[in-house]
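Assemble the complex: chain G is given as a structure, and chain V must be docked to it using the hints.
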Amino acid sequence: MSAVIELDFNQSGLGSRIDALSKSDLDALGFGVIGFDKDGIVRLYNELESKMAGLSPQRVLGFSLFTVVAPCMNNFMVAQCFEDAAITSSALDTTIDYVLTLRMRPVKVKLRLLATPGAALRYVLVRRAS
Amino acid sequence: MNALPHLDVATEYEALLQFLYLAPVGLVQTSRDGEIVFLNPVSSQLLMPLSRDGHLSNLFTALENEAPDLRHLSNSFAGASGMICDALRIRLHADTTRTAAPETLSLSLVKLDPDRLMAVLSDVSLQVNRERLLRQNEAWLSAILTGITDYAIVSLDHAGCITDCSSGLSRVTGFNPESVYGLPYSIFYPEDATTPDRVLDRLREADDNGWSLDDGWRIKQNGTRYWGSAMIAPLHDRQIDADEERTYCLIIRDITDKRESSENQRKQQSCDYLTGIANRRAFFDAAELELERAKRSPRPLSLILFDADHFKAVNDRFGHPAGDEVLRHLADTLASTFRQIDVVARIGGEEFAVLLPSTAIEDAMAVAVRLQKLIEAQMVHVEGHDIRYTLSGGIAAMGPEVNGLADLMKRADQALYAAKANGRNRVEYWKAA
Numbered sequence: 024m025s026a027v028i029e030l031d032f033n034q035s036g037l038g039s040r041i042d043a044l045s046k047s048d049l050d051a052l053g054f055g056v057i058g059f060d061k062d063g064i065v066r067l068y069n070e071l072e073s074k075m076a077g078l079s080p081q082r083v084l085g086f087s088l089f090t091v092v093a094p095c096m097n098n099f100m101v102a103q104c105f106e107d108a109a110i111t112s113s114a115l116d117t118t119i120d121y122v123l124t125l126r127m128r129p130v131k132v133k134l135r136l137l138a139t140p141g142a143a144l145r146y147v148l149v150r151r152a153s
Numbered sequence: 004m005n006a007l008p009h010l011d012v013a014t015e016y017e018a019l020l021q022f023l024y025l026a027p028v029g030l031v032q033t034s035r036d037g038e039i040v041f042l043n044p045v046s047s048q049l050l051m052p053l054s055r056d057g058h059l060s061n062l063f064t065a066l067e068n069e070a071p072d073l074r075h076l077s078n079s080f081a082g083a084s085g086m087i088c089d090a091l092r093i094r095l096h097a098d099t100t101r102t103a104a105p106e107t108l109s110l111s112l113v114k115l116d117p118d119r120l121m122a123v124l125s126d127v128s129l130q131v132n133r134e135r136l137l138r139q140n141e142a143w144l145s146a147i148l149t150g151i152t153d154y155a156i157v158s159l160d161h162a163g164c165i166t167d168c169s170s171g172l173s174r175v176t177g178f179n180p181e182s183v184y185g186l187p188y189s190i191f192y193p194e195d196a197t198t199p200d201r202v203l204d205r206l207r208e209a210d211d212n213g214w215s216l217d218d219g220w221r222i223k224q225n226g227t228r229y230w231g232s233a234m235i236a237p238l239h240d241r242q243i244d245a246d247e248e249r250t251y252c253l254i255i256r257d258i259t260d261k262r263e264s265s266e267n268q269r270k271q272q273s274c275d276y277l278t279g280i281a282n283r284r285a286f287f288d289a290a291e292l293e294l295e296r297a298k299r300s301p302r303p304l305s306l307i308l309f310d311a312d313h314f315k316a317v318n319d320r321f322g323h324p325a326g327d328e329v330l331r332h333l334a335d336t337l338a339s340t341f342r343q344i345d346v347v348a349r350i351g352g353e354e355f356a357v358l359l360p361s362t363a364i365e366d367a368m369a370v371a372v373r374l375q376k377l378i379e380a381q382m383v384h385v386e387g388h389d390i391r392y393t394l395s396g397g398i399a400a401m402g403p404e405v406n407g408l409a410d411l412m413k414r415a416d417q418a419l420y421a422a423k424a425n426g427r428n429r430v431e432y433w434k435a436a
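Protein chains in written order, with the numbering used here: chain G, 24 to 153; chain V, 4 to 436.
With the rest of the complex left out, here is chain G:
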């Protein structure tokens, strides 16, 4: 596996590229990655995301994304997009402007929502808006 990670937040087919990354590769990415399973349980949480939120991975991994980890995304703008994609078994790849409450401060971000039918994990990618 290549040691140099040059994944871009906007590039296409990003979901399957992230699936293939090792833990250290994930931690080297320039954007936050939250991966969760079909039950909404967080299975993947990279270092940048952990630093931005101020939460260490052990407080997050194994917990429910939309109720315990990121209740701020539990509305039609984010959570329902994933639900709709699951119900219709369709792929989701959309980028939205959002405001996260990182360490209780409003922070403008871009969220990229990724879901592929049949894939083990869905992803929310987080990049601070410049």
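If you're looking for bench data, these hints aren't it; they were derived computationally from the structure.
Each residue gets a CB set at the ideal place from its N, CA and C atoms; glycine is no exception.
You may find that some hints are simply not true.
These stretches of chain G come out as covered by chain V in the derived footprint (C-beta under 8 Å, 3 or more residues) [unchecked claim]:
| hint | stretch |
| --- | --- |
| 1 | 74-88 |
| 2 | 98-104 |
| 3 | 124-132 |
Just chain V now, with coordinates in the frame of chain G:
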């Protein structure tokens, strides 16, 4: 003094942070102008869908459309500190495409000192809806209960069969208590006003809502009709899952003397002004409910659409008052041909719909053809004219391959179109193209 020598500040900070992340209410701290300094995730969850510009920098701006006077309320608050508003209810703009979107937020705003405000936000949609339902039920109950002199109380088992009853039973219904044990409570209804499926539906609805209420024609032991109200309430523990252990209480009242006032109220909302049968809206409400029931415990369900043939020619030749008379005649004939449990409605100019619960498509066809022949054989007398007209009908049945009410309506409409195309004065089944 070092009171907490082992305190790990970083760990404590993280735990506090998570405490705020997880708080199930929205917490926001702002400057006196509403500029957001701190906010927790639930605040963002509730406020982001309201934000027009995708920002969340000012609380007053975020709520500008829903609570436009908030800024003024805050600015005009005289004290240096104190409660600016306590659990203020903010009605959000209804968006029917979002299934679980909040409808009402509650906002409390506290002035901490001249420079800082603290807000608490929560989604109170469920609570507000529950309160509304309670108010409606209260009004309904008081309308029903006022002046009621007699009632019968009947105990039912899980299948809706009678296990016990009060002495009021013989006074209200004429039935001797001993003679009804083991019989389903449908014996209190006219034969065409309920079905074995509906008997169970009412029990399920009582399970779900805490009670099930309906009023309409009821029948006494000697066959005479009275206008009655029936309320079913579950007696069992709602947590009990075992079906056989469920028991219910049925209260029957004779409200014949109240029929006019309670019917008038209902008619204004749900009846077609010209014909007196159900209107389009009432039809769709009743049909959605019936589809829901059929989905929960599958049973046959048929829909017939009728259309008066060449109705425009009737209007042109005899005038609109005569046309109206024909429509009233058709509505009356429909209402007397179908059962009381069927939903008969005028859904368009000369278009009528009948929904037949627990009825297979062949049985629906038999009644539809009977009606079609009856209309063909009759004459309507208006202002010295004898008007004959005919009827076309299309029938479709609910099934797993039918996608909801719209799809069922579409199929019946295609069948109706086929009946028209095949020469009118006939009824057709829906067939796959």
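Now the hints, each set against the structure:
| no. | hint | result |
| --- | --- | --- |
| 1 | 74-88 | holds (count 5) |
| 2 | 98-104 | holds (count 4) |
| 3 | 124-132 | holds (count 6) |
This entry satisfies every hint, going by the numbered hints stated previously.
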